[in-house]
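**Q** Chains as they are written, first to last, in our numbering: chain A, 290 to 887; chain B, 31 to 404.
Please note that the accuracy of each hint is not assured.
[Said to hold, decoys possible] Computed footprint of chain A on chain B, listed as stretches where at least three residues anywhere in the stretch have a Cβ under 8 angstroms from a Cβ of chain A:
(1) 67-75
(2) 106-116
(3) 245-259
(4) 350-356
(5) 384-398
[As the list claims (entries may be wrong)] Keeping only pairs whose Cα atoms sit at most 30 angstroms apart, straight-line, the calculated DSSO-like set for lysine-lysine is:
(6) 105/B / 468/A
(7) 468/A / 485/A
(8) 62/B / 652/A
(9) 90/B / 498/A
(10) 468/A / 62/B
(11) 624/A / 90/B
(12) 624/A / 62/B
(13) 880/A / 372/B
Everything labelled a hint here was simulated from the structure, so no lab data went into it.
Where is the CB? At the ideal position from N, CA and C, for every residue including glycine.
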Amino acid sequence: MANNTINAIVATDCGSTTTKAILIKLVDGEYRLIVRGEAPTTVEAPFEDVTRGVLNAVREVEELSNHTILDGESFIHPNDGDRGVDLYLSTSSAGGGLQMMVAGVVKSMTAESAQRAALGAGAIVMDVLASNDGRLPHEQIERIRHLRPDMILLSGGIDGGTITHVVELGQVIAAADPKPRLGIGYNLPVIYAGNKDATDEVSGMLESKTSLYMVDNLRPVLERENLGPAREKIHDLFMEHVMAQAPGYNKLMGWTDAPIMPTPGAVGSIIETIARRQEIEVVGVDIGGATTDVFSVFQNTFNRTVSANLGMSYSVSNVLAEAGIDNVMRWVPFKLPELEVRNRIKNKMIRPTTVPQTLEDLKVEQAIAREALRLAFVQHKSFAVGLKGVQQERTISEAFTQSASGETLVNMRDLDLLVGSGGVLSHAPRRQQAALMMADAFLPECITRLAVDSIFMMPQLGVLAEVHEQSATEVFEKDCLIHLGTLIAPVGTAQEGKPCVKVEMTLPDGTNVSDDIPYGEMVIYPMTVEDSVAAKLTPARGFDLGEGVGKTLECTLTGGVVGVMVDTRGRPFTLPTEEGERVSKLEKWAKAFDAYPA
Amino acid sequence: MAHAYTPGLRVSEMTVLRKNRRLPILGEVVVKKGDKVSSDAIIARTHLPGNVQLVNVASKLGLPPEDLPSVMLKKAGDTIEKGKPIAETKGFFGLFRSAVNSPCDGSLESISTVTGQVILREPPTPIEVNAYVDGEVVEIFENEGVAVEMQGSFIQGIFGVGGERTGEIHVAVSGPDEKLDASLLDDSMKGKVVIGGSHIDWEGLQKAMSIGISGIVVGGFDDPDLKKLLGKDLGVAITGSEDVATTLILTEGFGVIGMAGGTFALLKSREGHKASINGATQIRAGVIRPEIVVPMPDLALPSGEVASSTAGLDTGSTIRVIREPHFGRLGEVTGLPNELQKMESESMVRVLSVRFSDGTEATLPRANVEMIEG
Numbered sequence: 290m291a292n293n294t295i296n297a298i299v300a301t302d303c304g305s306t307t308t309k310a311i312l313i314k315l316v317d318g319e320y321r322l323i324v325r326g327e328a329p330t331t332v333e334a335p336f337e338d339v340t341r342g343v344l345n346a347v348r349e350v351e352e353l354s355n356h357t358i359l360d361g362e363s364f365i366h367p368n369d370g371d372r373g374v375d376l377y378l379s380t381s382s383a384g385g386g387l388q389m390m391v392a393g394v395v396k397s398m399t400a401e402s403a404q405r406a407a408l409g410a411g412a413i414v415m416d417v418l419a420s421n422d423g424r425l426p427h428e429q430i431e432r433i434r435h436l437r438p439d440m441i442l443l444s445g446g447i448d449g450g451t452i453t454h455v456v457e458l459g460q461v462i463a464a465a466d467p468k469p470r471l472g473i474g475y476n477l478p479v480i481y482a483g484n485k486d487a488t489d490e491v492s493g494m495l496e497s498k499t500s501l502y503m504v505d506n507l508r509p510v511l512e513r514e515n516l517g518p519a520r521e522k523i524h525d526l527f528m529e530h531v532m533a534q535a536p537g538y539n540k541l542m543g544w545t546d547a548p549i550m551p552t553p554g555a556v557g558s559i560i561e562t563i564a565r566r567q568e569i570e571v572v573g574v575d576i577g578g579a580t581t582d583v584f585s586v587f588q589n590t591f592n593r594t595v596s597a598n599l600g601m602s603y604s605v606s607n608v609l610a611e612a613g614i615d616n617v618m619r620w621v622p623f624k625l626p627e628l629e630v631r632n633r634i635k636n637k638m639i640r641p642t643t644v645p646q647t648l649e650d651l652k653v654e655q656a657i658a659r660e661a662l663r664l665a666f667v668q669h670k671s672f673a674v675g676l677k678g679v680q681q682e683r684t685i686s687e688a689f690t691q692s693a694s695g696e697t698l699v700n701m702r703d704l705d706l707l708v709g710s711g712g713v714l715s716h717a718p719r720r721q722q723a724a725l726m727m728a729d730a731f732l733p734e735c736i737t738r739l740a741v742d743s744i745f746m747m748p749q750l751g752v753l754a755e756v757h758e759q760s761a762t763e764v765f766e767k768d769c770l771i772h773l774g775t776l777i778a779p780v781g782t783a784q785e786g787k788p789c790v791k792v793e794m795t796l797p798d799g800t801n802v803s804d805d806i807p808y809g810e811m812v813i814y815p816m817t818v819e820d821s822v823a824a825k826l827t828p829a830r831g832f833d834l835g836e837g838v839g840k841t842l843e844c845t846l847t848g849g850v851v852g853v854m855v856d857t858r859g860r861p862f863t864l865p866t867e868e869g870e871r872v873s874k875l876e877k878w879a880k881a882f883d884a885y886p887a
Numbered sequence: 031m032a033h034a035y036t037p038g039l040r041v042s043e044m045t046v047l048r049k050n051r052r053l054p055i056l057g058e059v060v061v062k063k064g065d066k067v068s069s070d071a072i073i074a075r076t077h078l079p080g081n082v083q084l085v086n087v088a089s090k091l092g093l094p095p096e097d098l099p100s101v102m103l104k105k106a107g108d109t110i111e112k113g114k115p116i117a118e119t120k121g122f123f124g125l126f127r128s129a130v131n132s133p134c135d136g137s138l139e140s141i142s143t144v145t146g147q148v149i150l151r152e153p154p155t156p157i158e159v160n161a162y163v164d165g166e167v168v169e170i171f172e173n174e175g176v177a178v179e180m181q182g183s184f185i186q187g188i189f190g191v192g193g194e195r196t197g198e199i200h201v202a203v204s205g206p207d208e209k210l211d212a213s214l215l216d217d218s219m220k221g222k223v224v225i226g227g228s229h230i231d232w233e234g235l236q237k238a239m240s241i242g243i244s245g246i247v248v249g250g251f252d253d254p255d256l257k258k259l260l261g262k263d264l265g266v267a268i269t270g271s272e273d274v275a276t277t278l279i280l281t282e283g284f285g286v287i288g289m290a291g292g293t294f295a296l297l298k299s300r301e302g303h304k305a306s307i308n309g310a311t312q313i314r315a316g317v318i319r320p321e322i323v324v325p326m327p328d329l330a331l332p333s334g335e336v337a338s339s340t341a342g343l344d345t346g347s348t349i350r351v352i353r354e355p356h357f358g359r360l361g362e363v364t365g366l367p368n369e370l371q372k373m374e375s376e377s378m379v380r381v382l383s384v385r386f387s388d389g390t391e392a393t394l395p396r397a398n399v400e401m402i403e404g
């Protein structure tokens, strides 16, 4: 479809609980978000038809915008003034999203590549099977039977290499005789993306028991991944097998102008697009009720991880289980008995839709969010790595540093933009709270811009980016992101009160700033997103802002709804263990940000 | 008129309930439509394919995988016996033979000349599904299971641990606010579903399990005690398959919380009747709440629709507060203003006004209450 014919676009995201619709129109030569509508998702009884929720959400958009989109129960195509749309697109995570198992020969090589392909396509990876995962074959078989995934991705071996191990994995899958989660009587889709020499043996074993699909090897040589064909096949099968089994999706698939994407796959797509267009390194995080997704683009490599059981409602109790109560409570600036905290968190788990009414409750909830984000990011960093098993040419000095293949790609010094999304960040009563949570959980280093997704429309923009990149990126920049500002965080540590950084700049109102900011502080210079100023930042001895220890950095700083933030709390960052000191510091930093009412 | 939807748990004095009982895989349904069944009656059975054992015969015999067919004594589909040979080398003029014996009974599934592995399958495991409730078979799902229908009382809890059980209802406390102390439990309660009041502690639950009480239904329980019961911190609320001696159902939540008056009164009125209970809880897409089902085939159904808490919230509705402050308190809705209001946390939310039983009033987020009866 030619770009110049697109004047009005509707995109929906069918989530587990809510279906969200947005209307985008071409206004004065640029694409803008017009309105957003939402309605409960209707996949489950009594409706059991996802299109009911879609129509309700779109009708709300019609009412709010005075733009007619529907004629009865069908979309009006094409757009003509205030009537009809040129594109209708959708994403979906309803019914638990896409749940997969992946298998590869070596856990840290082909199995990891298979996991990357599945995650990149938007799946939740339920388990990773590998010849060296430490389990006996009957245990692996038991696991496959027990989990009942939506599909399995089988990989293993480089092209031309030995086929024995990947055939063994095929035998394990065949012996398990797996059944899909949805649709009794259907064969489970299995994608084979391993050594091409083993295709005959694999099809001999699996063809009669599963719906088998062959794609190019996702690791044809050790030095290179080829995830595209496997990812595309996952998307196709998501439509054909998983979505087609879900109530009402066949109808919805007939309405959309492009294939329905899994929600996280779409979010990844928009983040990847932005990083490529702006040539920046990006981290995006979406903290939901059940899961936390982290996306990153470093060195032009996209990675996504799902922390399936870190979230703010359904999984809130798991944050406590994984982080430990001490780690959660270290962010709370008052004392609460452990029994009280534990019971409160469990009550949130069993009644996930409640909201914090008191300030104290809000602070506890935001403490949990910090730990959920921190843990999800730790998992992401350990997964977003270079390819393992690759032979590298090294100089003598590199050989002494003992650097191995498979190091994390996430380099916080290079990070340009950190985008937060999900209720606890997007709907924090004050934007300063979101900025503080992100600073505490991710600990950005040097110079990093912070932003939040205003109304969580990244999924819709992601699917739009696949078919109409221009409109997706314009709306992303102008209407989706709320820029919080730029965070300056010198790397290094010192004693409390010792010099850390000198900040010199002229604020938009003409005020000249020349401040020596000591170690252990948080300072804000209010500045809007339209403002950008030239700044000279000189780290004290022992501190680094990216130019080297003690070296001055001259750069342009942009503001946001919070402003330019200076964080001299040190990297690595530690909180005092002494109760009184810890509380007084938390209170001091929150006050500097004006994060909470007095 | 101000009106709002709020989720709540079903507490029905009399209702018609239909329970779908299905096999995990296709099998045989052994009852027919119209049959009257008791809770323990088997309604369908099947065989789960047996466990699989992989034996690398080629490596055990020191042969290349492609030579495997020449030494196999059994072929795919053959029956095998534990301890009997499945492969044997020819040896030298009949001497120095090596054999591989089957590690299990069952059948030989496949032989691979690529990996040298032989796949053996153990005999299938029989599984059966019972009716779970006393009722009538009203629908047959061919080769899958049946729908059993009954009429009686139906109560949903908020959280549970442990699977399906049955037992006679016994009320062990004098009122909904009394704690179910260990001293209130004795051997006469073995096999029964014991109703407590506001709370049971670890000592009480341990005693219940040692007596062999089928189920405990109380208002609240403490999270540290749940950790002791499960042996781990529960991360995500998906329960029901725990191996616990007594099924535990909480009607209100974590902490000491009096059971809702209506729930307690209904359970009390069913004392001595047989109940089917299930602690299975899943709080995600496709919500499953624990339940207490009491078949009452001889009681007449009310003429109108049975009152249910999934109806709308209105002025005059009774609610329970489900988050701090005021957690667990009961009150009556006195107003449902339309405008968003700012809470102490500065969140802008839709609210309601409530008058508590002691006459005090408060404004609360609508998301933080649930409707209850009684």
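**Q** Compare the structure with each hint and give your call.
**A** Tested hints:
1. 67-75: Since three or more residues must qualify, the claim that chain A covers the region 67-75 of chain B is violated, with 0 doing so at under 8 angstroms.
2. 106-116: n = 0 at 8 angstroms, threshold three: violated.
3. 245-259: holds (count 4)
4. 350-356: holds (count 4)
5. 384-398: This one holds; 4 residues, not fewer than the three required, reach chain A with a Cβ under 8 angstroms.
6. 105/B / 468/A: holds (26 angstroms)
7. 468/A / 485/A: holds (26 angstroms)
8. 62/B / 652/A: Violated - the C-alpha atoms of residue 652/A and residue 62/B are around 58 angstroms apart, more than 30 angstroms.
9. 90/B / 498/A: Answer holds: residue 90/B to residue 498/A is near 29 angstroms, not above 30 angstroms.
10. 468/A / 62/B: The given pair, whose Cα atoms are some 27 angstroms apart, holds under the 30 angstroms limit.
11. 624/A / 90/B: This hinted pair is violated, its Cα atoms lying about 64 angstroms apart.
12. 624/A / 62/B: Since the Cα atoms of residue 624/A and residue 62/B sit roughly 62 angstroms apart, the hinted pair is violated (cutoff 30 angstroms).
13. 880/A / 372/B: holds (21 angstroms)
When each numbered hint is compared with the structure, violations occur for hints 1, 2, 8, 11 and 12.
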